[in-house]
Amino acid sequence: MSLLLRDVHKHFGAVRANDGITIEVEAGELHGLLGENGAGKSTLMKVLSGFHVADAGEIVLDGRALDMRTPHDAVTAGIGMLHQDPLVFLPFTVIDNFLLGAPGGVTVDRDAGAERLRQASERYGFSFDPTALARTLSVGERQQLEIVRLLWLGAKVLILDEPTTGISTSQRDRLFDVLRRLAAEGMIVIFVSHKLEEVESLCNRVTVMRRGKVVGHVDLPVPTAQLVKMMFGDVIVEGARPEAPLGPPVLQLDGVTLAERLITVEDLTLSVAAGEVVGLAGLEGSGQRTLLRGCAGLVPARSGTITVGGADLTHRGYRACRAAAVHYLPAGRLEEGLVDGLSLTEHFELVSGRRSFFVDWDEARRSTGEHIDSHTIKGTPETTADALSGGNQQRLLLAMMPKAIALLLMEHPTRGLDIESAEWVWSRLLKRRRQGTAIVFASADLDELLRYSDRIAVFFNGRVIAVVNAADTTAEELGHLIGGKQRTE
Amino acid sequence: MNELATIVATATPLVYATIGEMINEKAGVINLSLDGSILLAAMVGFAAAVASDSVIIGFLAAIVVSVAIAALVAFSSIELRLNQIAVGFVLFLLARQLALFFGDSYVGQVGPKVPAWDIPLLSDIPFLGVVLFRHNLSVYGSYVLVIAAFFVIYKTRIGLVLQGAGERPEAAFARGIPVNRLRLLATVTGGALVGVAGAAVSLDQIAGWRENLTTNLGWIALAFVIFGGWHPFRVAIACYVYRGLLFVAGQFQEELPEFVQVLNTLPFLLMILMLTAVNTQWFRRLGDNHPRWRNFLASDPPSAIGTVFARD
Amino acid sequence: MMLRLAQWRTALVSLVLAIGITLLLLVLVDAPPLEALRLLWDGSFGSDTKIADTLMAWVPLVVAAAGLLVTFQAGLWNIGVEGQIIMGAIGASWVARSVTGPSWLVVIAAFAAGIALGVGWALVPGTLRTVFRVHEIFSGVALFFVAGGLAIYLIIGPWSRAGIASTSGTDPFPTASWLPTIGRLRLSIVAVVVAVMAVVAVAVLLRGTRYGLRLKAVGRNPASAFLMGIATSRSMLSAFAVCGALGGIAGTVQAIGFHHKLVPSISGGYGFLGILVVLLAGFRTAWIAPIALFFAAILVGSTQLSLRLQIDSSLAGVVQGVLVLLILLTGGWQARRTRIAEAEAET
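So the protein lines, in turn, are chains A, B and C. Take the first sequence: its position 398, counting from 1, is numbered 398 in my numbering, and each next residue is one higher. To convert, take the position in the second sequence, counting from 1, and add 1000; that gives my numbering. To convert, take the position in the third sequence, counting from 1, and add 2000; that gives my numbering.
Derived by calculation from the structure, the hints in this document are not laboratory data. All figures in this text were calculated on a predicted structure; none of them were measured in a lab. The C-beta atom is built at its ideal place from N, Cα and C for all residues, glycine as well. Just so you know, not all the hints are guaranteed correct.
Ranges between beta-carbon positions, derived for each pair [unchecked claim]:
(1) Gly186/A / Thr2338/C: 42 to 52 Å
(2) Val2013/C / Ala1207/B: 36 to 46 Å
(3) Phe1247/B / Trp2008/C: 48 to 58 Å
Next comes chain A alone, as it looks inside the complex (with noise of 0.2 Å):
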């Protein structure tokens, strides 16, 4: 049995997510799809599981064209995806999310169902309490949840997407065991990851993607630094970096552990004088937004302390980081940053500092105009956020960012950006740093990484695995270091 895809496309607006994307997987394979965020890997996925539709290109399915426009269609052909976030219904129990939606009588017969599951877990080593509340099982238990789930109703194509992130170290290992026995068993296994090492030790084949496209398909084993290479591509390491004289400490982390809903990051002990620049890299939801916003003072911080400039931050909430001199730029810069139906002219009113009752429309404009400028915003005052293209969006963020700043924090400062607009952020960032501002940013861009920062901390399942220095270390050996590979000397 096999699954093919062949030349699928999928657009949305001007971005081109999968651009003519062929792959075949033969059943007991344990296919790996590798490639960074943003690759297209998710966006192929969805299509293959009925989520989108495909603008061209079709899906074979054991010989069988399949017409594919809703996931009740990718159900009825026997595929079944698991998604990063398994998508359970939390304030209902395991037997009833193991039973919703499942063919069978008019009636629903939990007993009935509970011993279909627990003998669908068994197989598989897993074992759970029908009657406990979904929203009680940790994300590895709901992975395995949905697992049985599929596998019960008689998935022939297992699709995993992400599965990793978020589960213990047994639990991956656990998940592993089972993948390798249904690959053995005749399922077609395909397992989406970033995750070199994972792919690495779990898949017997490989395709890359990179940007929309497919860079190549290898039969594992293969030495690590061709994936790297394939994954990331040539990274070319500009000239030096203009070297800035680094200030006093700015931001001193001690001991810090902040715990979000989804991840905790512990024991975080980290130091940023004025004019460096810190680029935090790894996986997503390694940890590196929760410390960015645990700095901000977004999310509490269990233990620890947390001081800028002197003064101690700990539990003082947005507020004071903001006085403090903070500025946090999210990664969603329509949900988290901008006002959508507001104007350039509205948001930069909004962060002008200005104190007075009434509004002077005209001065605002005016100085907005100058924003505008200076900062070549292709928008007029009038323009609202959301008509504005990413990159013009970011450009309005820094250009309502405070004049003094003394620690600026950044998710992902270039996600989704052209290369023009990628360059000329960096080049107001550097700026900043000139002038004794410490930058902490956040990446999944491996050159972005390299070429801006002084020093990187890798991240790894919510702990700070090393800190490099950016001149020190290569592209290779920071994707090993991402990857959860120790670093090698």
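Fit chains B and C to the supplied structure of chain A, relying on the hints for placement.
This is chains B and C only, laid out in the frame that chain A set:
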């Protein structure tokens, strides 16, 4: 005993309306037009019954009207992606005004009533027989409805799927469930029950038509769906207890006319209390500590209530 | 303020359809349509008294609508404004009945009491929303019924007419509390001026002040607003307070400017109708005054219909509801067509 029987009978329209609204809210659609729908359905039902001299025609006409309104709410949310609250509220006012407009000529008229029918064996049971089984089909229907609603939602496949659609539409959709079609179905079913509620007032409980016939029945129903935690039994209990309190107050009408006023506001005070209490830790733990009663004690709304589900 | 061509078209379609439906309804109740329309016009603008009545209906409606604009800007559905009007009327009634002194003093005190009670009543759903995350629709409607119950309690209880505890209302207030009127008309210039001031104040508040700008940000994206340093809870609460104050003003005018006594229907449905006005105006401040006037005219004119043609005055409500419903539906339909067209263009 007779008093209890009266309480049970007068609670019937409220039970229909509340269970009906509960069904569509379970699927994630809130029908804010409820109060107006019931009034309009009551009026149309009465008018049709008078014109045809048939109670059944009256009920059917009421159902047609309320289903049309409910379908409009569902359609505007699903296809037109309009705010359910905005459309529901406008329909509330409109339906209400339509009822008053067309009903004007029916004030004071006498129409057919649902014939009384004691259930043969059951009505001879001492005590319960008198209270429960010496009414009419409309009242008996409400018993069946409560039990059926419980059974369908918690014991059948489609009930489970319905809950899923209202709780997390993306997850239900990923499992191949036609979320929007289900929502439409649930809303139409709820709408039909609202129609029955209206007819139950004008053709049974307060036979006839006048301006304030259904006295805030719809808003009370909306309140009790929340207060009842979207569980058919709890919702039904709320309805019966409320009518009981009203009855008691009615006995004291002469001495304490103000008490009745207070009672009219009771469902809403209870609802606010409930909505506030839901956010406390104590109440959440209550459900966790008693797994068997979990469904009964739950108080969280279906998470996707009031939202538009668009697959892109 | 300028509408795109497509929006003018949908508005026109809705208006035509609404007129058509109205005519149909009239035919259905055996009423001569043209005669009915003529009576509507006469009933609202046909004479001095009629114009006065229309304006006095316009005042509470437009003040309530103005208040609602503020809460809508903050992203809130303050349906409870109807209850805030009632409470404002109760406050003003209390002053009218108990405070003695020169008329100007009593009037000012009445407004103050009305505003205070309106604000207080609005802060309840406000607090329930910001602190306990209770949706303001439910708490608003609940408090509307409580306020209504309170009014009835006062009317048949402590404030009942001597010897007759009837629901037709309290004794008329002492004339010192009455808003001065023009001649024999029921028109109070004070009321009209207050209404105009309210609309202008809200327009300025929402478009010309930093406060209004903050509300706009909170209403559209509270997360981003928070990150920009805006106190989102405080903004929401203040929006409730402002709307409550305006509701209180509307209630005061109803109590001492129109009815001159407390009646069960003191809020006159103006709160709910105000929501329709705002929806029809597409949340644009400039449009609420003319639309409110239009709705007030229909309301007042329809009493003529009931007098002369025995058509229930609820026709007014039907016309208003149909119009708003059509605008919403046609707007949604238009958006759907655009969406489908765009999706097709991409493939």
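Hints, verified against the model:
At roughly 48 Å, the beta carbons of Gly186/A and Thr2338/C sit within the given window of 42 to 52 Å. Val2013/C and Ala1207/B have their C-beta atoms about 42 Å apart, which keeps the hinted 36 to 46 Å range intact. For the hinted restraint 48 to 58 Å between Phe1247/B and Trp2008/C, the CB-CB distance of approximately 56 Å keeps it satisfied.
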